[in-house]
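Peer 1: With chain A held as given, fit chain B onto it using these hints.
2 protein chains.
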Amino acid sequence: MSEAKSTRRGFLTGGAVAAGGALLGAGAARAGDPAILEKQPWAQYLGEGVDARPYGYPSPFEAHVVRRDVPWLTADAVSSVNFTPLHELDGIITPNGLCFERHHAGIAEVDPAEYRLMINGLVDRSLVFTLSDLMRFPRVNRVHFLECAANSGMEWRGAQLNGCQFTHGMIHNVMYTGVRLSDLLNEAGVKTTGKWILPEGADASAMTRSIPMEKAMEDCLVAFKMNGEALRPEQGYPVRLVVPGWEGNMWVKWLRRIEVGDEPWHHREETSKYTDLLPNGKARFFTWEMDAKSVITNPSPQAPITHGPGPMVLTGVAWSGRGTIPRVDVTLDGGANWVEARMDGPSLDKSMHRFYHDFVWDGRPLLLQSRAHDSTGYVQPTKDELRKARGENSIYHNNGIQTWAVNESGEAENVEIS
Amino acid sequence: MSEAKSTRRGFLTGGAVAAGGALLGAGAARAGDPAILEKQPWAQYLGEGVDARPYGYPSPFEAHVVRRDVPWLTADAVSSVNFTPLHELDGIITPNGLCFERHHAGIAEVDPAEYRLMINGLVDRSLVFTLSDLMRFPRVNRVHFLECAANSGMEWRGAQLNGCQFTHGMIHNVMYTGVRLSDLLNEAGVKTTGKWILPEGADASAMTRSIPMEKAMEDCLVAFKMNGEALRPEQGYPVRLVVPGWEGNMWVKWLRRIEVGDEPWHHREETSKYTDLLPNGKARFFTWEMDAKSVITNPSPQAPITHGPGPMVLTGVAWSGRGTIPRVDVTLDGGANWVEARMDGPSLDKSMHRFYHDFVWDGRPLLLQSRAHDSTGYVQPTKDELRKARGENSIYHNNGIQTWAVNESGEAENVEIS
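Going down the list, the protein sequences come from chains A and B.
When you line the first sequence up against the working numbering, it's residues 1 to 418, in that order.
When you line the second sequence up against the working numbering, it's residues 1 to 418, in that order.
The hints are simulated quantities; they were obtained by calculation from the structure and are not laboratory data.
One or more hints might be untrue.
The list makes no distinction among identical chains, and a pair is therefore deemed to hold if it is satisfied within one copy or across any two copies.
[To be verified] Here are the simulated EDC-like cross-link-like pairs (lysine to aspartate or glutamate), alpha carbons at most 20 Å apart as the crow flies:
| id | residue 1 | residue 2 |
| --- | --- | --- |
| 1 | Lys39 | Glu109 |
| 2 | Lys273 | Glu289 |
| 3 | Lys39 | Glu259 |
| 4 | Lys39 | Glu114 |
| 5 | Lys195 | Asp124 |
| 6 | Lys388 | Glu48 |
| 7 | Lys273 | Glu392 |
Here chain A stands alone, though its shape is the one from the complex (with noise of 0.2 Å):
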């Protein structure tokens, strides 16, 4: 290999140069393969037109990238949750269709042609709105990731859930687009005593939760699309309220109403659910904000290494509720040696954002974790360190460090190691 070559094919960088040639090796051995030599089917026929499907869906050869429940977490299915698939995604953006569910009495099905959001209590006038007036404020495009609070809270108690799916999958990072909260609070006229707010659903468990009005006037929205098109019903069609950075919870959807109270409510779900209790039997409560928080999504137990020794594609992803993710680090080697990920892609406000490590894998075990650094300075902490400072009574706020175990044969496993 000639001075000149070499530099053009620096893609890999040091060791992983070598790992290019064994690429190479693989794709040479293929000269004479068939499927590349022979003329394929779909070379043969005139596929389907732009008639087939008016709205697109995915290939059927991608029928397994779908949304998953855990049967034995929770009671049925309308008061339950479903996974998105992490492992089977890229980039930062879910698309609408992988958004993973919560809902606390199913799907509710709101006509948008009778929809109305009230807003009422401390104000100046109580104002209704239809679709069509909200639509007449001015309109702001935000990308947020929206989690669960529960998301990883199995992991509490040790390693339970084998695949990032189900302990990490309950979030997904999508494109809003709505109106202020504050545009519409101050056509209302919040009276001097108006100091919190809240949001009400439509569906039939009526989800209410309080939010300080100083959220509520920074940056909540009250947003009717995600990724460009209209809500998806399990989304809150037509409109939900978006709250950045802080539980999907609080993310009230098939939003109806907003009262505005000078103290908060202490409803049933921020009481006996959506609090955090202590060894010592006391609850941490309001413990809105999502820590910053990480996970390796490939290779990971649903997603093992199928190719063999070789240059390979670590990734996952990392976020933060109180601002973006400069840095995320990794090890292969369960802490020993930690190396700095590679980001890729935009670096949002409240937002997913995606890491890559590259690297040779040697064949030998693997003891994969990733450490999130936020723009504030806070580091991912152990699940350890968590435990230490919270105890284990809790199912919210887990966002300690992940561990997948990689065997020689490149299946993983979710372990915890001390």
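Peer 2: Frame of chain A; chain B shown alone:
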């Protein structure tokens, strides 16, 4: 209204504050509305649970939001085209199910296990990659628009198609995940005589286009994901070429082969098609780059103003094959007065941009236009300026300013003004 309230209600400036009052009036009138006072059906049942849709789809109320074709425009469906419903979308991401399609032999249904990509021609080593091989190269994520060179093509000869879906809907904008084409070419080792590439599709049309090596090495991607998930079948599943900023026809779908050569091939799709016939009988060819362009999506012929006079949102999209869009101007009176629109959402290289103009409609007729400025300083021309330079023989590369005439009822029509 007190001073303090006036300040808080400043979301619309100037005359628009009164408009806020108009919205308020509407809201107040609905205070006794049974749609908000009475319990709606969806608050009285347990809705469908998480098992209902492992892969989700839009609300039945959104069944009108689909790709549409124009039957008279092309001879048959399999070699035809449909259009993105731009007037139903917001933000900058096109959801995968609504990305316009253009096929030359229908949709090839490629089995990913049988997928191969060959690189041959003026290279040191012919290579054949499986999908798994490709996924071992370092990945990048980029949001790019893909616009068909024939988008707005019918408008060369005057206002013909009544809706932005049909005049401007041969465009979509998604986040791609893939590997750099330069990495694959460097792996094969391009000979010093290799100055062009010829990507070839695996469908029955065997789509081929000549692309200069500089572009191939600069920013082209071999992509396998769009908006996080696998490419859709109609977008080239499992692998397509991404040629940022250049005409859509070059983004070869179902990519099976990349030949490296010393000169362009002058194939069918770059001679008899995708060339621009000038008045003097000569043709412009290799007109790859997509010039800066914009269109108002709302209001527009398919999306009239239905709420009557008062505050409203005008919105649209803009893009340039040469960079970003720092500025869009809009006019409400056919060009007598221009104002700078409000840009909102991520501004990314060779990506769609979203603009808004929040104004108070007085109920009089409007002549709406938008004019994009790109990051190179280029300004979108009028259709007349384009015709003066290039005549009316072509159906390609019409990036002229679009006009919608809105009448007192809020209905919009495609018109031309000189």
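Peer 1: At most 20 Å between alpha carbons: which applies to Lys388 and Glu48, within, between, both or neither?
Peer 2: neither (59 Å within a copy, 40 Å between copies)
Peer 1: With identical chains treated as interchangeable, where does the CA-CA distance between Lys273 and Glu289 reach 20 Å or less: within a copy, between copies, both, or neither?
Peer 2: Close inside one copy (16 Å), not across copies (56 Å); limit 20 Å.
Peer 1: Treating 20 Å as the Cα threshold, decide for Lys195 and Asp124: within, between, both or neither.
Peer 2: Intra 14 Å, inter 70 Å, cutoff 20 Å: intra-copy only.
Peer 1: My question is about Lys39 and Glu109: at a cut-off of 20 Å on alpha-carbon distance, are they close within one copy, between copies, both, or neither?
Peer 2: between (48 Å within a copy, 14 Å between copies)
Peer 1: Reference check for the pair Lys39 and Glu114, CA-CA at most 20 Å: within, between, both, or neither?
Peer 2: between (55 Å within a copy, 11 Å between copies)
Peer 1: Is it within a copy, between copies, both, or neither that the alpha carbon of Lys273 lies no farther than 20 Å from that of Glu392?
Peer 2: For Lys273 and Glu392, the Cα distance is within 20 Å only inside one copy (16 Å; across copies 67 Å).
Peer 1: Is the C-alpha distance from Lys39 to Glu259 at most 20 Å within one copy, between copies, in both cases, or in neither?
Peer 2: between (65 Å within a copy, 17 Å between copies)
In summary, the structure is inconsistent with hint 6 from the numbered list given earlier, while agreeing with all the others.
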